[in-house]
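Please put together the full structure from these sequences, using the hints given.
Note that the protein sequences, when read in sequence, are chains A and B. Under this note's numbering, the first sequence is numbered contiguously, ending at residue 362. Under this note's numbering, the second sequence is numbered contiguously, ending at residue 826.
If you are wondering where the hints come from, they were derived from the structure by calculation, not from laboratory data. Quick reminder that beta carbons are idealized off the backbone N, C-alpha and C, glycines included. Watch out, some of these pointers could steer you wrong.
[Claimed, not checked] Counterexamples of contact, computed for chain B against chain A with all Cβ distances above 12 angstroms: (1) Ala191; (2) Pro246; (3) Asp796.
[Stated by the list, open to error] Distance ranges between label pairs, derived from CB positions: (4) Gly799/B <-> Met55/A: 41 to 47 angstroms; (5) Met55/A <-> Tyr643/B: 57 to 63 angstroms; (6) Glu304/A <-> Gly204/B: 53 to 59 angstroms; (7) Leu615/B <-> Asp158/A: 40 to 46 angstroms; (8) Glu125/A <-> Ser639/B: 33 to 39 angstroms; (9) Gly223/B <-> Asp322/A: 56 to 62 angstroms; (10) Val104/A <-> His594/B: 28 to 34 angstroms.
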Amino acid sequence: MAEPDAVQTFEDGLAEIRGAYADGLRAAGDEPELRLINARYVGPQGDLTKLLKLMPKLPGDRRRELGQAANALKQEIQTAFDDALEGIHRGAREAELTGPALDVTLPGRWQLPGRLHPITRVRNEVLDIFVSLGFDIADGPEVELYENCFDKLGFPPDHPATDEHDTFFIQGNRSSDAESVLLRTQTSTIQIREMMKREPPLAIVSPGAVYRRDDDATHSPMFFQLEGFLVDEDVTFAELKGVLTLFLRRLFDEHIAVRFRASYFPFVEPGGEVDMSCVFCRAWEGDRARTAKCRVCKGTGWMEILGCGMIHPVVFENVGYDPEKYTGFAFGMGLDRIAMLKYGIPNIKLLYENDVRFLSQF
Amino acid sequence: MLVSFRWLQELCPVDADVAEVAHRISLAGLEVEAMDEKGNNLSGVVIAEVRAKSPHPKKDKLTLVTVFDGEDEHAVVCGAPNVPEPGGRILFARSGAVLPNGMEIAPRKVGGVESNGMICSEAELEIGAGAEGIFVVDSENAALPGVGVADALDLHDVILDIGLTPNRPDCLGHVGIAREIGVLFGVGYKARKAAGPHRTFAAGGSFDSGEPTTKLTPLWDTGSEMLDTPELPAISIEIADGDRCPRYGAALVSGVKVAPSPFWLRYRLHNLGIRALSNVVDATNLILLEWGHPIHGFDLARLGGSKVVVRLASDGEKMATLDGVERTFTTDDLLICDGEGPVAVAGVMGGLDTEIRDETKDVLIECAYFDPRSIRRTSRRLGLHTDSSHRFERGVDPEAVPRVLASAASLIAELGGGAAATTAIDRVATAYEAKSIRFRPDRASQLLGTPVSKDESLRILESLGCRIVEHNDHALTAEAPSWRPDLAREVDLIEEVARVRGYEAIPTAVPRVHPSEAGTASLLKFVDSLRDSAVASGLYEAINYGFLSVDDLRKARVSTDAVPLANPLSEERSVMRTSLLPGLAAAATRAQRHGATEVRLFELARTFHPSDEVLPREDTVLAITLAGQRSGWIGGEESFDLYDGKGVIEALVDRVFGQTPALASGEVPGFLHPKRSALVTLASRPIGFVGEVHPGVGDDLGLIGRVIYAELDVPALHALSEELGPKQARGLPKFPAVARDIAMLVRDQFSAGEIADALREASKGLAESVKLFDLYRGDQIPDGHRSLAFRVTYRDAEGTLTDKRVDKVHASIARLASDRFEATIR
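Given below as structure tokens:
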């Protein structure tokens, strides 16, 4: 049984919703408000939804017509909603594009990486150069036998050549017996260890911590050396010069001059030291006045950087190589010193204090 | 070693300035480390004559002096007690002169009297050590008032500081360096005879009849007056140990008068760093600096039994050395003794009793050759490093004994006004044998990488003093000179050729490097990748010393079973570290003291542990420390906690392995918080640990707040990486995933991880992942409980999942949660 009132109510409802929805849309300022309005009429509890629930009460002959009217309104509302939403989006984008810029000075939001220690950085740079030349990397123990640190390297017994190696001994090992245990004073121990283990040809670089009993303004009781050596048939002093010149130019500057001076290390002969143009006053640029004032090279234009030489036949004999068949060269450098030169670090102690304010600079 | 350029020029004149000479010898291995020009810092200081002197009116220690400086007379107040009488000459610093110590001379009042200038002492002009009085010019010096002091006293010189390598004892005297200059400049060096003494005597009965002697007369360049042989007891020399003392010579000078040395000698010693004492002692020092061969003067009157015995000490034997210290010897120490007991430590230092004194008249001069190793051991044992031991332990020239004795005897006789015996005792226990060395120019060419001709080799080796015994086209045999103990084998001579030619003259070449098959050990590359990953994970690299104190270990509650040093520099660095914790904790403490809010450090280094092997075990460890606050984005800082440590470890390991490690309960070190720490595992294998530092340990280490510490076992990680090998690619999923959430209220005793694992296992292989996305405690949650929410992602590799199937599985895992974990599903 249809009720004429129901028809009236339904029709009024549709009209009222149409008007109210339009008013609501006009009043909505942003997307959430818009969605709220929408929900009020077409949401599950919305007015239109409720109205549609009255459909069964409508008289049969009007039901179809009124149902179509209701659907039309629903379509209308959907279209109006879509248009209004798009309008709001367009307005917001327009406002963002024309409005004030973000404060780009606020901090970035990411976990920054840490930093390698300057000694490691320099070590990596040096290793990269030698690895690119075909050298392998090796290492060995920091606590060593006297014979690997001295005897086998050709240090004569009771000889002042060991004076520069003021050695830390492990308790119970104070003498210079071959079996005495000590903290290695040089990475040259790797020459012995690798040569005892392998047959030529060998091309090896070996970085690592070494220890000497020196602790003053310019010495640290632990520091880092890098040893390199090449053993093969017919290795020459000219090649030693070639490799080290190339290395220093790659590491510092392709224009630096490199100079070889005679010197003495028991495990090489001929032995030498290598000077390069002072990298502080950039001596190779020829500004004499600048070099004259340079504190680092004391006006000489040169700085000592490496020790080197042809591996002494006594070393080959000690490891069981035939010194008539094989020749080789070896060189050593202080990684601390190179780090200090490269980064302008004034004091070696800074390298081992692990002050975060220092470590974060590199 | 300090060297006088002027003296070098006297010994071997070359046409080159000091800079050129310094450059050439530096390149050849005698590195000139510094040059100090003498006599150019005294402008305004002149010779002046005393014209009048009178006491100061008020102060009785001062004298009023009128001096004439060649231009004007000046009134000066002088505090020295030895102002000469009028006519005497002194050194006068005019007003305006600047003394070497920087003091500027200006007119001033002294005790109320105007003083215009200053009368100087040696010390004030830095030309000697004399500071007791002013310098009075010798009457033999003819310099007139007004002449600059540098010219008047002949002060011009350049002192070179040469850093000598220990293989070149020949260059520990001016003669040796002059010889080197002669070689390098191609001018040759000719050993010259010593200036002969004015008065000599025939030794005759002064030496025991059995003593082998050598004539000194041919080594002197002038004839001299022969006096009668003085009445002296006959001297005898005995060498009891011919290995330790192959040669011992002694010369005799009689009738000396011990007095201060003349200025030229004192000035030369002063410039070379030796304090002038008396003519006889100064002469022995000058001979040492000239020849590089230490000599010693004994007061003959105090040599008991007129006898010298060179022997090893008996155990516990004692003697007071020149420095006044009583020394105790072992049977490894060589002594010089007289008829009664020790009078000198051979080659190291003389004895107190027989030293030269003011009343010494007759001097026995020792010049010997001792075994270098013996001298070195004694010198080290006694902690007595002297100019003498420095040279003997490097090896002096055994064949130089007669020449050095001739020079010494002449100089001492001349300075002391005595007479020298024309012969000296020269006892040889073990004769010197020159080493014969075969040298092949081809070998030199091969080693140097540049042609070396036989002619060039001969020229260089001969210029160095080698005697060429024989030679043919392929090889030569050379005898090394007696002053070059470093030349023993072919390669030594090759170095000489390279050195004299100049390393600069050798070309450069690039070698062919044979790449090895093995390449660098994978462990080393792995270590580098860990280090890089640590940095990428936000950590700063620290490097600590390998040694620390036992107390550091104890405070950190790490193993105190450490490798101890026998001779540490200090207690603070007396054992090798057994853990990286103390070093990193110290760095964190320091950073906190400096106000750093966020400390993120790692160290990749070795720890050391006693072992049954000869060498201790060295473990490579990666350790991490986080302290302070993790910074949020603008404010919002929160203290680091366990999960930051876990996050860093996860990031670090994941970067290297492409796989995330897990934390598992297990036994962690005692320095970690028992309830806030865990083992780290990867592929179910333990690889380290992470946790908060135990609050008690933190207190002992001075750490503020909760500090996170973690360690990874580098070799274990490396072994695992070798074992796991490279990651293998997996096919991409073909069918879509479905996500469902499950939230539950559960007691704290159940860990989120075990619940997630159980959920996954219960899913019959459909749950691809189970991730915790919410954790809540608070209102409405009973004590001891928490609310956990997981997102379960389901996927079937074989087909698309239906809602129905997912609902069923999801319901079954919810049941499992409520059954096994007594969870209330929400």
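Can you let me know if the beta-carbon spacing of Glu304/A and Gly204/B is within 53 to 59 angstroms?
Since the Cβ atoms of Glu304/A and Gly204/B sit about 58 angstroms apart, the hinted range of 53 to 59 angstroms holds.
Check the following: the C-beta atoms of Gly223/B and Asp322/A are separated by a distance inside 56 to 62 angstroms.
holds (60 angstroms)
Using the Cβ atoms, figure out if Gly799/B sits within 41 to 47 angstroms of Met55/A.
Hint holds: Cβ distance 42 angstroms, inside 41 to 47 angstroms.
Could you see if the CB distance from Glu125/A to Ser639/B stays within 33 to 39 angstroms?
holds (37 angstroms)
Beyond 12 angstroms from every chain A Cβ - status for Asp796/B
holds (34 angstroms)
Going by Cβ atoms, does Pro246/B stay more than 12 angstroms from chain A at every point?
Fine: 17 angstroms to the nearest Cβ keeps Pro246/B off the interface.
Range hint 57 to 63 angstroms: satisfied by the CB atoms of Met55/A and Tyr643/B?
holds (58 angstroms)
Quick check for students: does the CB of Ala191/B sit more than 12 angstroms from each CB in chain A?
At about 24 angstroms from chain A, Ala191/B clears the 12 angstroms cut-off, so the statement holds.
Status of the given 40 to 46 angstroms range, CB of Asp158/A versus CB of Leu615/B:
violated (24 angstroms)
Assessment of proposed distance window 28 to 34 angstroms (beta carbons of Val104/A, His594/B):
Holds - the Cβ-Cβ distance for Val104/A and His594/B, about 31 angstroms, lies within 28 to 34 angstroms.
Figure legend: structure checked against the earlier numbered hints; the only hint not met is number 7.
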